[in-house]
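Protein chains in written order, with my numbering: chain A, 6 to 357; chain B, 6 to 357; chain C, 6 to 357; chain D, 6 to 357.
Since the hints were made in silico from the structure, they are not lab data.
Some clues are possibly wrong.
Copies of the same chain look alike in the list, so a pair counts if it works inside one copy or between any two.
[What the hints assert, rightly or not] The list that follows gives simulated cross-link-like pairs (lysine-lysine, DSSO-like), each with its CA atoms no further than 27 Å apart:
1) Lys347 - Lys75
2) Lys347 - Lys69
3) Lys24 - Lys357
4) Lys334 - Lys347
5) Lys89 - Lys334
6) Lys28 - Lys89
7) Lys69 - Lys89
8) Lys341 - Lys28
9) Lys75 - Lys124
10) Lys341 - Lys13
Computed from a predicted structure; not experimentally measured.
There are 4 protein chains.
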Amino acid sequence: MIVVTSNKVSEERVAEIVKYIEKHGVQAHISQGVDRTVIGIIGKFDPTLAEHLRQMSGVEQVLKISKSYKLASRDFHPDNTIIKIKDVEIGGDQLVIMGGPCAVESPEQIDEIARLVKKAGGQVLRGGAFKPRTGPYSFQGIGVEGLAMMAEAGKKHGLLTITEVMTPEYVDVCAEYADILQVGTRNMQNFDLLRKLGTIQTPVLLKRGFSATYDEFLNAAEYILAGGNPNVMLCERGIRTFETYTRNTLDLAAIPVLQGLSHLPVISDPSHGTGRRELVESMCKASVAAGANGLIVEMHTDPDNSMTGDGVQSLFPDQFAGLLADLEKLAPLCGKRFDTPKEVIEPGSWKK
Amino acid sequence: MIVVTSNKVSEERVAEIVKYIEKHGVQAHISQGVDRTVIGIIGKFDPTLAEHLRQMSGVEQVLKISKSYKLASRDFHPDNTIIKIKDVEIGGDQLVIMGGPCAVESPEQIDEIARLVKKAGGQVLRGGAFKPRTGPYSFQGIGVEGLAMMAEAGKKHGLLTITEVMTPEYVDVCAEYADILQVGTRNMQNFDLLRKLGTIQTPVLLKRGFSATYDEFLNAAEYILAGGNPNVMLCERGIRTFETYTRNTLDLAAIPVLQGLSHLPVISDPSHGTGRRELVESMCKASVAAGANGLIVEMHTDPDNSMTGDGVQSLFPDQFAGLLADLEKLAPLCGKRFDTPKEVIEPGSWKK
Amino acid sequence: MIVVTSNKVSEERVAEIVKYIEKHGVQAHISQGVDRTVIGIIGKFDPTLAEHLRQMSGVEQVLKISKSYKLASRDFHPDNTIIKIKDVEIGGDQLVIMGGPCAVESPEQIDEIARLVKKAGGQVLRGGAFKPRTGPYSFQGIGVEGLAMMAEAGKKHGLLTITEVMTPEYVDVCAEYADILQVGTRNMQNFDLLRKLGTIQTPVLLKRGFSATYDEFLNAAEYILAGGNPNVMLCERGIRTFETYTRNTLDLAAIPVLQGLSHLPVISDPSHGTGRRELVESMCKASVAAGANGLIVEMHTDPDNSMTGDGVQSLFPDQFAGLLADLEKLAPLCGKRFDTPKEVIEPGSWKK
Amino acid sequence: MIVVTSNKVSEERVAEIVKYIEKHGVQAHISQGVDRTVIGIIGKFDPTLAEHLRQMSGVEQVLKISKSYKLASRDFHPDNTIIKIKDVEIGGDQLVIMGGPCAVESPEQIDEIARLVKKAGGQVLRGGAFKPRTGPYSFQGIGVEGLAMMAEAGKKHGLLTITEVMTPEYVDVCAEYADILQVGTRNMQNFDLLRKLGTIQTPVLLKRGFSATYDEFLNAAEYILAGGNPNVMLCERGIRTFETYTRNTLDLAAIPVLQGLSHLPVISDPSHGTGRRELVESMCKASVAAGANGLIVEMHTDPDNSMTGDGVQSLFPDQFAGLLADLEKLAPLCGKRFDTPKEVIEPGSWKK
């Protein structure tokens, strides 16, 4: 940690600041500059001390040198975290594809989509039972019964399942039904939810907030890790920028950045990252080329009539299968394998 | 609602889209353009229909003409909402000042600060018992006992109180102690929390999310209003932009914009909006000049040692009193009155 | 300047970095941390050395402590710059209002508007002869003859004039006709234009780029100052953010920030900052309350038919006069005087 | 084009607006909604009419349905533009790699780098003779003599050359020496420069502005096309967002978006897009996977001592060659070929 004083602060004030620092059991090294004094603090980063120093008069800047998160950092855990769920390993050399509808709508719908995800070669079935919606008058998901429908479909077709949990009180019931719990972008800093997820062992896919920095994102993961749940994967899903043509701006550099700063697996979500079906396939390929450990992709048998309106970013089943076939070839060039059995899906060969 | 087709879509497809629209009991008006067809839909805005249309093939854009929120809109409620709590009216011609520390730290601290807020002429005591923090190792607030301390101090000094609630399960206890409940920026789209706040009548100060559009902000308010609680005030507290010198970019145009779109009171938070003490006073004045119904301002008796590190954006008590004296003169030029009794606070005249 | 090494870099590499630094005639102070070494560099900031260090292996961060601009900094020039043009002083205690159309359209139009600006109490006539437009098919301004029309109108009505210059080759002709030259937001980093403006003495109003940080903005001013022209004023005109309801997000904190970092006058442009007529008046008042040295405001006699389409953000003459009357009262509360003679303008009392 | 009236505007006003529209020789179709009237305008988009309508009282929104750019649009030119320069085709099925230093520093430097670019399999040599720099005290490029050095090196090693031009008056001399002229991000809306580039036939690589929307970017290209130069390629080089860990946020979705909206080739610049060497390779692969027609990549023989400080984002020659070898395998999976002769470059096998 480094403290930079204001321009032309008195020697007395510098001495007081140093004294304050040393009271906290850490050493202060002074470098006297032309206009400002720089005080290096030796010892572990102490966020509270940093905050106090930042607000002292005579202090212009407090610069963090070490990171505020620990368990999420690769400095503390050099090897990749590999999350093993049944026969799927996330974070290693396997490419993992999570596919399915935005929302679970009926037993028939989720069963048919599960069949198609499996046929195409995916390993995880996605689907929301609780939906976060901008306005109160939009469809909010079918709730707990949707969880059961999805669990049933996953089991029948040999797929893991992932679903979103929105509030601490639903964590236990969601964990009972699903293999992976998703924290949505609007809840990345819902700290009570994160704390609750730290108390279980179910793997969590944590989505990056609309406008979260990498540092904030990793600190959010730290909440779950610090609670005792090591099974966290990070999900880049696009950030909010001035560009409105796409729903969000998919920040693919986040993939290698997060893999460098952290040991946690990184999943990419091109469906929300672009909001446009015609961009999903190229952004899936780009994500894999960038080193993603997996993808979460919306696929729907009848996107024109999806209940959430996210059909516009959902692939048709034949597109989904075509994409996965392409990824099988691409993966080995990017240090991954994606060797699940895959079958072609013909257009129109599914039940709407 | 307007539907714009893709370039050169077939007449058959247009007919299908129109048929789909009419099945929903609304009328479609067709305008045939050179390359595209425009379909105007007459009738109330139906978000579900809009979502479905947006995802149909042959549809390029669906443009919302009317707004997706109703109860929050000035179209539906032309007069200003005035929230009356004891003798304070928020949203009318009175300027309301909420002052206090970032966090309640001890009974002595909050009592002394309450005394100073009252002396300076403020009407509401702010203070957090539950603190949302980026990282899990930072001070998280002192919890429920802080609520009691603040309620006690408010009562003793004749001030209303406002405090942040972070999770649905704490809404009831917070409402027991505080006059106004605050929803923080990270929770603007914590929909379960909003729904819970809709079930009570305690006034709510809803802070704008880091990167929330006006439309999303008003939709979040709509959740509370739709639940049955009409006592909502909106708070502009700075948005996230590329500029990092200030903690956030305070968007003061939000004040007249929100007052135009909605009937709800608008409060400004220059402390979080800038993150720098030396900018708070000018931004408070600018907020009042822009038409704000009130301000929420951090003030601390010992900002160098505040427990959250937000001291850097807290005014000293003498600065706070000086500001309020200036605002008393400024308010009448901006259509407000701010005629509470006010006394000068001398530097160093308070207990740390 | 501070150099922070990467995690666990070898002592040898640190020694090499230090040697490299000392070769440049500056001293290096080493603080050995737990994982990283911090090297403080004593001496003037050298941007080239910083750039070289930043790219050396073993270096994680190079932190600038002193600023990269000098002549624009208040550290080097503690007193406010006051630019005196005829009887107008910009940067002192006088509030300066620049009003007029987006574009000069005809001799009659600019003469009538000049009359109204003077009558309302403004000191400077604005108007563009060269217009930067997003697309090539939009009206591009009437060119050099517009300069002459505006100079004539300014002279007749006793107003200074300001106009935009877009390219180095037009600097001389614009300077011949106008009292102040404006650099538009798109040209803030048109360095050849800035260099050319550094070679003359005509005052320059430099608009902040769409997405320029304060540091970049002041560095752009530094180009003009370093060339030998000390007469620079800074103009906050809104930045680009995710919010699209307003044309830009007017960053009013920029006013006190820039006045703190620099000695140059700061002007606010609420017309471009909001893009909406109904927001201009409140944002003008807020700008003055925030401490602006002046305002540049669009006013038009026939905004429905303005040639650039910026009529939507132009005040009508009666609104403009009403605003200036309000500002006369507001200014003294904000440390300014605005005591020019002012007359009421009745709606419809002007020639379209 | 669609005009939406304000809430509850009178029938008389609607009639006036319609009359105004019809005076311009286009037809107006009226759809009467519950609160608002929607007027569809049939006929070519007229930006001036749109601007006038937008500023009329009673008008809430004017929505553009067709695009404001024409020559740049795929609607008007369905086939890909292929720019043929000697034996290189940009925009077709060939992947084109432009490599080289940020700045030309000496004849020996640029000659050695040209040798390495060719050896690795690149087709174009990049290098700046004129450098746009944030501050006036940074290295500004070596000027015209750098152009000659680069032309010489390109000729000797059989590479095309690309260099940045910053001001209209240097267009001719740059075009004399270089095969492709680059417009930098700060100059994307330097309209005089764009107009001048429209008068020649030399291919232009137009970089996206820091915060330019796709629409503004394509309108900037339209300036060059409208002037008569059809040889324009678009370059995504990262946009400015709230995230500061990377120099910019590389928006890879821009690649398929721009290729959909336009027929012009799209080049990606991961060096400026990330600002960090360790991210360049993965972002180059991701760009190709996203469908880029080419890459522009910084490579330097001695990045620790590059004169601009951009060494931190420059690849070493061996990394560059390794990347190109990988791209040769990747390209065919993405519909491209990259079959230039390639040789391995051993670490340390070059002259610094």
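Cross-check of the supplied hints:
1. Taking the shortest Cα distances, Lys347 and Lys75 never come within 27 Å of each other, neither inside one copy (40 Å) nor across copies (44 Å).
2. Proximity of Lys347 to Lys69 under the C-alpha cut-off of 27 Å is found in neither arrangement, the shortest distances being 48 Å within a copy and 42 Å between copies.
3. In this assembly of identical chains, Lys24 and Lys357 lie within 27 Å of each other by CA distance solely across copies; the values are 19 Å between and 72 Å within a copy.
4. When the C-alpha separation of Lys334 and Lys347 is checked against a cutoff of 27 Å, the pair qualifies both within a copy, at 12 Å, and between copies, at 23 Å.
5. For a Cα distance limit of 27 Å, the shortest separation of Lys89 from Lys334 inside one copy, 24 Å, qualifies, whereas the shortest one across copies, 31 Å, does not.
6. Neither within a single protomer nor between protomers do Lys28 and Lys89 lie at most 27 Å apart by alpha-carbon distance, with minima of 46 Å and 48 Å respectively.
7. Taking the shortest alpha-carbon separations for Lys69 and Lys89, neither the intra-copy value of 35 Å nor the inter-copy value of 45 Å comes in at or below 27 Å.
8. Taking CA atoms no more than 27 Å apart as the test, Lys341 paired with Lys28 passes in neither setting, with 51 Å inside one copy and 46 Å between copies.
9. With identical chains, the CA atoms of Lys75 and Lys124 are never at most 27 Å apart, being 41 Å at best within one copy and 44 Å at best between copies.
10. With identical chains, the CA atoms of Lys341 and Lys13 are never at most 27 Å apart, being 56 Å at best within one copy and 29 Å at best between copies.
Consistency with the previously given hints fails for numbers 1, 2, 6, 7, 8, 9, 10, ordered from lowest to highest.
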